[in-house]
Amino acid sequence: MNLSIETITWLLPLPPLLAFALIVLFTNKNNRLSHSIAVGAAALSFLGSVYVLAHAFADSHFGEHPIESSFPWLQLGATTLNIGVLIDPLSAVTLAFVAVTVLMIFIYSVGYHNYGQPKGDHDHKGFPPHGATEHGHTVLSIEPMYARFFAFIGLFAFGMYTLVISDNLLTLFVGWEIMGLCSYLLIGFWFGKDSARDAAKKAFMTTRIGDVFMLLGIAYLYAETGTLSFRAILYNEEVLNLLATTPSWFGLSAAGLIGLLLFVGTIGKSAQFPLHVWLPDAMEGPTPVSAMIHAATMVSAGVYMVARMFPLLSAGWHEGGALTPAMTGMAVIGAFTALFAATIALAQNDIKRVLAYSTISQLGYMIAALGIGAFVAAAFHLVTHAFFKALLFLGSGSVIHGMEHGVLHTGNHKVDPQDMWNMGGLRKKMPRTFWTFLIGGMALSGFPIITAGFWSKDEILADAWAHHHYVVFGVLALSALLTAFYTMRQITLTFLGQPRTKEAEHAHETPLTMTGPLMILSVFAIAAGWVGIPEHFPVLGPMINNNWFHHFVGSTLLNPPHAIDFSIIPLATSVGVALGGLLLGYLAYRNAQTDPLKKLLGPVHKILENKYYVDELYDRAFIQPAKKISHDFAYLFVDRNLIDGTLHALAEITFWLGGIFRNKFDVPVINGFGDWVADAAQWAGNTIRKIQTGSIQQYMLVSMVLAFVGVFFFFWVIQP
Amino acid sequence: MAFLQFLNDWPVLSLITFLPAVGGMALLLIPGDRKDTIYKVALGLGAAVFLLSLLVYLGFEVEGARYQFIEKYNWLPQLGISYHVAVDGISAPLVLLTGIVMFTGVIISQRIDERPREFFAFLFLLATGVFGVFVALDMFALFFFYEIAVFPMYLLIAIWGWKQTREYAAMKLTMYLFIGSVVSLVGALAMYFSSGLKTFDMLALEGANFPPEFQILWFPFIFIGFAVLGGIFPFHNWSPDGHVAAPTAVSMFHAGVLMKLGAFAALRVGIMLLPEGAKFHLPWIILLTLVNVVYGAYIAMVQTDFKYVIGFSSVSHMGLVVMGFASLTPEGYIGAGVQMVSHGIMTALFFAVVGMIYDQTHTRELSKLGGMVQKMPFVTFAFIIGGLVSMGMPGLSGFVAEFPIFMGVWLSDKPWIAIVGAISIVITAAYIIRLIRRVFFGEFPAEFEGHVHDVKPSEKFALGLLTLVLILIGVLPGVIVPMVEAGVDHVFALLGGM
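Protein chains in written order, with the numbering used here: chain S, 1 to 720; chain E, 1 to 498.
None of these hints come from the bench; they were simulated from the model.
Quick caveat: nothing in here was measured; it's all calculated off a predicted structure.
Keep in mind that a hint or two might mislead.
[Claimed, not checked] Now the in silico label distances, taken between C-beta atoms and shown as ranges:
#1 N610/S with L54/E: 57 to 63 Å
#2 Q164/E with F661/S: 48 to 54 Å
#3 K368/E with I607/S: 38 to 44 Å
#4 H135/S with H362/E: 45 to 51 Å
#5 A26/E with L642/S: 46 to 52 Å
#6 H362/E with H648/S: 27 to 33 Å
#7 D36/E with K193/S: 44 to 50 Å
#8 K193/S with V420/E: 33 to 39 Å
#9 K368/E with T133/S: 33 to 39 Å
#10 L54/E with R620/S: 49 to 55 Å
#11 V420/E with N610/S: 30 to 36 Å
#12 L197/E with L14/S: 39 to 45 Å
[What the hints assert, rightly or not] Here's a subset of chain S near chain E, in silico, CB distances under 7 Å, partners left out:
#13 E68
#14 F71
#15 V705
We put the CB at the ideal spot given by N, CA and C, even for glycine.
With the hints as extra help, turn the sequences into a complete structure.
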């Protein structure tokens, strides 16, 4: 069989979908078979991706002739909607991190859901496993809905692959929505818990708000151009110019309005302020889901989409020129979110929530980078972040798992295995988890030279500096400082020092199915940065000397961006904030028993801990009023009182009128007349009966008299 | 399709239209206590009608003539009334929709225990009325069938409905619909007398060239009169009350098909015969539809009765159909045409599910339900698919319908209507998620243990058929969109190529 590269690209999303169908329909009773199918499917997609990527990466002019193939799907009026696949440099690098992280997460899930452990004593579907008794000990028990989990993540992976290989906004949106649906199913995986159900609903609804605007953007774009194909819109200078110069509503150009609408979709999906509220709550899902949704796939999809649409968002902009409205929006929201979320992360005690806010903050970085036109830097950070954040999430899952082991050992279920203040000293208990988490944490903090995060973050800062976006530069540098600080806080509290609880003392390293993926991801968390070392970087630049990533991804655009000159200020800044933050974090928490920030920040800490009360604000400002308006105003007042009331009043009036007609007219007048006629007839009958004597002579006499009177009347009264 | 050529020699549309009524009469001949036989005969009749409607759908040539399967006989030639039937690209899918809803409605009516014979007879009479409206090309015949469709509804609700509200709801529904149709009838008579053609034939009236003032005067009467049956704000209130009070199969028919009748007649008689009036009035009518769409969704969100949620969601979704018409763009009309089918199937599915749950739990209060997925996994799956359709999830029919509608509204230079209307998508997601959560997930109430079981295979088949259509249209929109578009092209020829 000879498969063309296009065919293989088409086939990439299919294995996980097939796995979903097979597990749901046939193997959901068999755990071993189910996870084998799911992991096998992920591996198959991975291998296919490697094949496609080998082709892509080997081609130095790949951006000019990408892999593409499409067919018509829906005829609408004069235009046809095509759907198809496209692998160009941007989707190639995205595919690379998706393929790797998805496979790792699948493998990790086997261990995370306690495969090989006995069934729980009191476990129910919809609740996390509570442990089983074996030989008198309490041990971890297998997830009661083990097979179902693999089915769901299979569908999720299908959504992400579909999104990445799409050559048009429509199928991208399909993948986008499938992931939205799966995020609902997976965040609410333990549906027995109210908190999980609420979080699932919140995630779905919040991202949905963004999705609707995105859909409008898509509809508008299609209405303007008659196509949704990326190549036809984004690689066509004429179309872009036309969109940029077509005046539209609200004082914007068509490109500006479409760009903003699409960007709102990203605000929802990538959890940017003000739609960021769902992401931290989504930590209710199992940890592999957190890694999947919050690192590798769904939130990255939001950034990927705006990066994909960058030529449209920046239509009318040229390097160094004034930003378009959509870009300004992205720069402002991205930079603000980066700082905003980083400050919240400072005051969180749940190990996963710190990572959740860190994710929001890092996504803000990428959005801000796109906003100032640093296309390649944003894509670069997207890739490196996916690796090290997946690593960190999975690492935190491993920590929690280790802690749960301790909890089962002591039997004290009041100890929260996710609270970092219950940990400490885990480096000795869980060395593999510690070292890999450390690598991830360093990459997130941007530890100079060796970690991937340094190179991508540095490139964003350098770009902001070189193009004189000093405010963005300042805000991002400050967030980088905070990032390094809270990361070190997390590492110190979790792994360093001495155990603060008995449970931490009895924590246990997790199985190889979990630590294996951690080790592989940590390789990427370091090495992924080396592909993008700037040409002009001292010593290393000339040594590696090609900045492959920049040229490769840059060729996605019609006008590839220039490499910026080296400047010491951003470099010194990024090195300074990373090292400074790490050092401060270590010093502050090295021996801490309580949080020193609490004292230092006072009431501000309370605000941070409560996430600026945004959730409460939304509840009071939107959710409660919406319910009130729908129920009290729309339903009770308008629908039941006004409309139905009018109707009932009309009915009443009709009845009343009927009553009047009946009682005042019908009964006395019409009926009365009728009755009167009847009465009169009866009276007449009674009266006349008296003359009915039965004597024929008498009748004759009366007849004669009447006849004479008649004749007389006729001739003398009427005739003359 | 070529192998269906033979249909052209058959009076297939008359067969579809009258078979249900005749069959329904025949049903009355079976002794009333042989319920099983009655159900089987009804099932066979439903299947036959469904197959015929499928044949019509498949036999319709998208590239062919505008009207196909034409039959025309004189009826009252002195008054210009004829029996003239045919289907075009817009009505052919609606005929199939009716066939599907009819068939599945009969399947799930096995639980009807009280006088099933009369129930099915009236249901089939209703179907005759509905088919008649969709295929009629003569205005008189259209009104005739329209009233036939409304009349059995009263009895079906008042006799077999939910005891608490059935009399009120039946009366309310009948009053609204009769008044609506009388208002339209006045407009129709105005057309008949002023055209000077002495004919009720709509093909002839299309060419009547009514003066613009006449059109502007009479369009609102005809359009709104019919749109009452489409649930247009503020004349929508008969619909949720009616849905709730009606027995399951009637709710399915009612929301699934009957509401389309209103929208369809408003298009056929209102927009197509009075295009100038349409162009003049629809720009403000779109505001009413916007209220429908958003307001209906909001109200659905706060209902505590399972069936009322679905009832108000129909108000919201039917608003989208009329919004598509009111956008006056081909995209909007294509979307509206697909939405009629998509919503019909989806809402039939919803009501079927509500009925299956109510029959076993005897409650529709959301606070009392929960955990149904444990007992009825397939029903849950089908409901979720329907829910996703109603949220406009791509890959399902709702998206194929709503995407063009919103696009049409953008194109009609009213972006803010599209934006406000799109809010409904979010609210829809909110109430659907709420339903799924409250009814199917969460804890299974202990009191239902032992009372609630999985549904019968026949019921699964019905749900499966409905679900399949929703997925099929979503994945392969080519099965319906070109056909609808062929019909829409003609509407725009009349509207003067907007």
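Structure-based check of all given hints:
1. N610/S with L54/E: 57 to 63 Å: holds, 60 Å
2. Q164/E with F661/S: 48 to 54 Å: violated, 31 Å
3. K368/E with I607/S: 38 to 44 Å: holds, 41 Å
4. H135/S with H362/E: 45 to 51 Å: holds, 49 Å
5. A26/E with L642/S: 46 to 52 Å: holds, 47 Å
6. H362/E with H648/S: 27 to 33 Å: Since the Cβ atoms of H362/E and H648/S sit about 29 Å apart, the hinted range of 27 to 33 Å holds.
7. D36/E with K193/S: 44 to 50 Å: Once the Cβ atoms are compared, 47 Å apart, the range 44 to 50 Å for K193/S and D36/E holds.
8. K193/S with V420/E: 33 to 39 Å: Roughly 36 Å apart at Cβ, these two residues keep to the hinted range, so it holds.
9. K368/E with T133/S: 33 to 39 Å: holds, 37 Å
10. L54/E with R620/S: 49 to 55 Å: holds, 54 Å
11. V420/E with N610/S: 30 to 36 Å: Given range 30 to 36 Å: holds, Cβ gap about 33 Å.
12. L197/E with L14/S: 39 to 45 Å: Since the Cβ atoms of L197/E and L14/S sit about 60 Å apart, the hinted range of 39 to 45 Å is violated.
13. E68: Hint on E68/S: violated, closest Cβ of chain E at ~21 Å, above 7 Å.
14. F71: violated, 11 Å
15. V705: violated, 56 Å
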